[in-house]
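Novice: Letter by letter, the chains look like this.
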Amino acid sequence: MNSSALTLMVLSMGTVTALTAYFFYRVLTAPQRPEPDSYTDDDE
Amino acid sequence: MSQTDSWGSRVGLILAMAGNAVGLGNFLRFPVQAIQNGGGAFIIPYLVCFLLMGIPLLWVEWAMGRFGGRKGNHSTPFILHEMDPKRALWKYIGVFGIFTNIAVAAYYCYLESWTLSYVWHSIAGSFNGQSAEQVAAFFGDYININTSTTGIPFEPIVFWLICLFLNTWILAQGLSGGVEKVAKIGMPLLIIFGIVLAVMGVTLKAGHHGAVNDGTMGLNFLWTPDYSSIWSAKVWLAAAGQIFFTLSVGMGSIQCYASYVKKKDDIALNAMSAGWMNEFVEVVLGASIIIPISIGYLGIEKVVELTQTGGLGLGFKTLPYLFTQWGPTLGMIAGVCWFGLLFFAGITSSLAMGTPVMGFLENEFGWKRKPAAWFFGIIVLVLGLPTVLYFNEGVFDEYDYWAGTVGLVVFALAEIILFAWVFGMDKGWKEITTGADIQVPLAYRFIIKFVTPLFIGGVFFASLPGIWEKITATGLPWQVHGARALLLLMFLTISWFVRVAYLKRLAKLKHSKA
Chain Y
730 MNSSALTLMV
740 LSMGTVTALT
750 AYFFYRVLTA
760 PQRPEPDSYT
770 DDDE
Chain C
2 MSQTDSWGSR
12 VGLILAMAGN
22 AVGLGNFLRF
32 PVQAIQNGGG
42 AFIIPYLVCF
52 LLMGIPLLWV
62 EWAMGRFGGR
72 KGNHSTPFIL
82 HEMDPKRALW
92 KYIGVFGIFT
102 NIAVAAYYCY
112 LESWTLSYVW
122 HSIAGSFNGQ
132 SAEQVAAFFG
142 DYININTSTT
152 GIPFEPIVFW
162 LICLFLNTWI
172 LAQGLSGGVE
182 KVAKIGMPLL
192 IIFGIVLAVM
202 GVTLKAGHHG
212 AVNDGTMGLN
222 FLWTPDYSSI
232 WSAKVWLAAA
242 GQIFFTLSVG
252 MGSIQCYASY
262 VKKKDDIALN
272 AMSAGWMNEF
282 VEVVLGASII
292 IPISIGYLGI
302 EKVVELTQTG
312 GLGLGFKTLP
322 YLFTQWGPTL
332 GMIAGVCWFG
342 LLFFAGITSS
352 LAMGTPVMGF
362 LENEFGWKRK
372 PAAWFFGIIV
382 LVLGLPTVLY
392 FNEGVFDEYD
402 YWAGTVGLVV
412 FALAEIILFA
422 WVFGMDKGWK
432 EITTGADIQV
442 PLAYRFIIKF
452 VTPLFIGGVF
462 FASLPGIWEK
472 ITATGLPWQV
482 HGARALLLLM
492 FLTISWFVRV
502 AYLKRLAKLK
512 HSKA
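Heads up: the protein sequence lines correspond to chains Y and C, in order.
Taking this note's numbering, the leading residue of the first sequence gets 730, the next gets one more, and so forth.
Taking this note's numbering, the leading residue of the second sequence gets 2, the next gets one more, and so forth.
For the record, the hints were derived by calculation from the structure and aren't laboratory data.
There's no promise every hint is true.
What the hints assert, rightly or not - Residues from chain C shown here face chain Y by an in silico Cβ test under 10 Å; the list is partial: (1) Val12; (2) Leu48; (3) Phe222; (4) Pro226; (5) Ser230; (6) Asp266; (7) Asp267; (8) Met278; (9) Asn279; (10) Glu283; (11) Val284; (12) Ala288; (13) Trp375; (14) Ile439.
Claimed, not checked - Straight-line distance between alpha carbons at most 16 Å, and here's what the computed EDC-like set of lysine to aspartate or glutamate pairs gives: (15) C/Lys263 - C/Asp438; (16) C/Lys264 - Y/Glu764; (17) C/Lys265 - Y/Glu764; (18) C/Lys263 - Y/Asp771; (19) C/Lys265 - Y/Asp766; (20) C/Lys264 - C/Asp438; (21) C/Lys263 - Y/Asp770; (22) C/Lys263 - Y/Asp772; (23) C/Lys185 - Y/Asp770; (24) C/Lys509 - C/Glu365; (25) C/Lys263 - Y/Asp766; (26) C/Lys471 - C/Asp398; (27) C/Lys318 - C/Glu83; (28) C/Lys264 - Y/Asp766; (29) C/Lys263 - Y/Glu764; (30) C/Lys263 - C/Asp6; (31) C/Lys318 - C/Glu134; (32) C/Lys72 - C/Glu83.
Since we're looking at a predicted model, the values are computed, not measured.
Ideal placement from N, C-alpha and C gives every residue a C-beta, glycine not left out.
Just need the whole structure built from these sequences, with the hints factored in.
Specialist: Pasting the structure below:
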């Protein structure tokens, strides 16, 4: 691959992957809300 | 979806929302758009459009949904009505949020059934030993209802009915019991299949398994930037259009899913997580499969020629043949992964199309979930049949154009004006940020009010000549006129149902006051 294509691909894919992982991580580590929340799986 | 229906978990909701956005276009449309609009440089207008139009629209639709859900509304006619109760017009504009879902589901389920059928054919080894021309002709034989590739009579109709039944049955199980379960299985599988295929595509070596080029040559071709294209209005329109369609905004399905989120729960982070997940599937996986594999076998010139007719041809007519070059076992695995991921991308989107219709019937007419799901299935069956029977006459494309293209842009333009200018940014901003687990950048207050409406307005006005050309076109087959009449009839019928529901609400209000 030529260097401009490689740079653009790595930058784009890297940014998109990092942001996807970051926001999903934030979801997984967000503190649970007091009941009643929107989700039934965590109900007593 | 009943008023008591709810999501099982936050991850389930995000996967369902991401599944709604991720569709066949992520794998078939995005890479073709990139090739036709400046190669790697396309990513620049594409990501700018995502930041200035996609993310704002996601936040707006999630906020509208949660706002409407608080008042017991799970479909757009009365969500829009609640946002500006003084003007009768909005609830009729909200009709788009039901109409588009039914009309798109009517042809999308057919597309979905092709993927299911091709999973079957990949397992059965139908493409083994066939030439490239034979595999391409196979697709034509498959969609022709007078021929059968399996021996099953009316084969495309049979697979379409299986798909429709599957969608309806899952919808009848409810949000957490049906839609969410499918998203929790389908989305991880889709990503795994995508990674497997991307690795196979990128590591393709010239001289191995009949490949004439390395897979990286495809990546090189796709990502080599033509920076002069950034100054082209056509490229920006293509990027805005791609962002529009990839996120499933302007359909009313995001509002419906979000309407089951409670007032104090987050929507800002949820929207970002689902939105970026869609981008990952599109930019990382979508760009690494179809083009590297196709160029690996066919070379750049042939692939450029094939992309002129869109990505569907490459996906269904070319790739199955290329997979057979990897031998029967590896070819079967690749076929199952490719058509399996397209199937999961399709079904997680089509399920989202059923929920606003069901929400409307349950809220306004007191229907139970199961009858509402089956009613949706029957409507899609009736409306979808012409797309199956008259595919070659252009009925499929007609539905896609009016409902899946024009309808989305019109509705998104109306909803952003309602949210930012009528409902007002003070209330709107509060809706977006209430319960937020992330700090929403203040710049988005300005972007939502000024930039996003301008972007969508630009897409709308740029599409007007095309709409006019379609309307004034002559010599069209009667099936196309019939399809237009059917779509118009459906829009008017839903509007009439909305009118009846509104009168019922008024009568109820009068009765409670008396």
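Novice: Are the hints correct? Go through all of them and say.
Specialist: Outcome of the hint check:
1. This hint holds: C/Val12 has a C-beta 7 Å from the nearest C-beta of chain Y, less than the 10 Å allowed.
2. Taking 10 Å as the C-beta cut-off, the interface hint given for C/Leu48 holds, the closest approach to chain Y being about 7 Å.
3. The beta carbon of C/Phe222 comes within 8 Å of a beta carbon in chain Y, closer than 10 Å, and the hint placing it at the interface holds.
4. The restraint placing C/Pro226 at the interface with chain Y holds, with a minimum CB-CB distance near 6 Å, inside the 10 Å limit.
5. Annotation: interface hint on C/Ser230 violated; nearest CB of chain Y at approximately 13 Å, more than 10 Å.
6. Proximity of C/Asp266 to chain Y holds as hinted, the smallest CB-CB distance being about 5 Å (cut-off 10 Å).
7. Evaluation of the C/Asp267 hint against chain Y yields a held restraint, the C-beta minimum of about 7 Å falling below 10 Å.
8. Look at C/Met278: its Cβ gets to within about 6 Å of chain Y, closer than 10 Å, so that hint holds up.
9. Interface restraint check: C/Asn279 against chain Y, minimum CB-CB distance 9 Å, threshold 10 Å, status holds.
10. The interface hint given for C/Glu283 holds, since its Cβ lies 8 Å from the closest Cβ of chain Y, which is under the 10 Å cut-off.
11. Annotation: interface hint on C/Val284 holds; nearest CB of chain Y at approximately 5 Å, less than 10 Å.
12. Proximity of C/Ala288 to chain Y holds as hinted, the smallest CB-CB distance being about 8 Å (cut-off 10 Å).
13. For C/Trp375, the interface hint is violated, since its Cβ never comes within 10 Å of a Cβ in chain Y; the closest pair sits about 24 Å apart.
14. Taking 10 Å as the C-beta contact cut-off toward chain Y, the hint placing C/Ile439 at the interface holds, the least distance being around 7 Å.
15. Distance hint between C/Lys263 and C/Asp438 is fulfilled; the C-alpha atoms sit about 14 Å from each other, no more than 16 Å.
16. The straight-line distance between the Cα atoms of C/Lys264 and Y/Glu764 is roughly 12 Å, inside the 16 Å bound, and the hint therefore holds.
17. Straight-line distance between C-alpha atoms of C/Lys265 and Y/Glu764 comes to about 10 Å, which keeps the hinted pair within the 16 Å bound.
18. Restraint check for C/Lys263 and Y/Asp771: satisfied, since their Cα atoms lie roughly 14 Å apart, inside the 16 Å limit.
19. Note on C/Lys265 and Y/Asp766: the hinted pairing holds, with a Cα-Cα distance of about 8 Å set against a maximum of 16 Å.
20. As the CA atoms of C/Lys264 and C/Asp438 are separated by approximately 13 Å, the hinted pair is consistent with the 16 Å bound.
21. Distance restraint check for C/Lys263 and Y/Asp770: the Cα-Cα separation of roughly 15 Å lies within the 16 Å cut-off, and the hinted pair is therefore satisfied.
22. Under the criterion of a C-alpha separation no larger than 16 Å, the hint pairing C/Lys263 with Y/Asp772 is consistent with the structure, at around 14 Å.
23. Restraint check: the Cα-Cα separation between C/Lys185 and Y/Asp770 comes to about 14 Å, which is no more than 16 Å; the hinted pair holds.
24. Distance restraint check for C/Lys509 and C/Glu365: the Cα-Cα separation of roughly 11 Å lies within the 16 Å cut-off, and the hinted pair is therefore satisfied.
25. A C-alpha spacing of about 6 Å is found between C/Lys263 and Y/Asp766, which places the hinted pair at or below 16 Å, so the restraint holds.
26. Taking the CA atoms of C/Lys471 and C/Asp398, the gap is about 12 Å. The hint holds against a cut of 16 Å.
27. Taking the CA atoms of C/Lys318 and C/Glu83, the gap is about 48 Å. The hint is violated against a cut of 16 Å.
28. At roughly 9 Å between alpha-carbon atoms, C/Lys264 and Y/Asp766 fall within 16 Å of each other, so this suggested pair holds.
29. Among the hinted pairs, C/Lys263 with Y/Glu764 is consistent with the structure: their alpha-carbon atoms are about 10 Å apart, no more than 16 Å.
30. Proximity of C/Lys263 to C/Asp6 is assessed by CA-CA distance (about 12 Å); at most 16 Å being required, the pair is judged to hold.
31. Distance restraint check for C/Lys318 and C/Glu134: the Cα-Cα separation of roughly 9 Å lies within the 16 Å cut-off, and the hinted pair is therefore satisfied.
32. For a cut-off of 16 Å, the pair hint linking C/Lys72 to C/Glu83 stands: about 8 Å separates their Cα positions.
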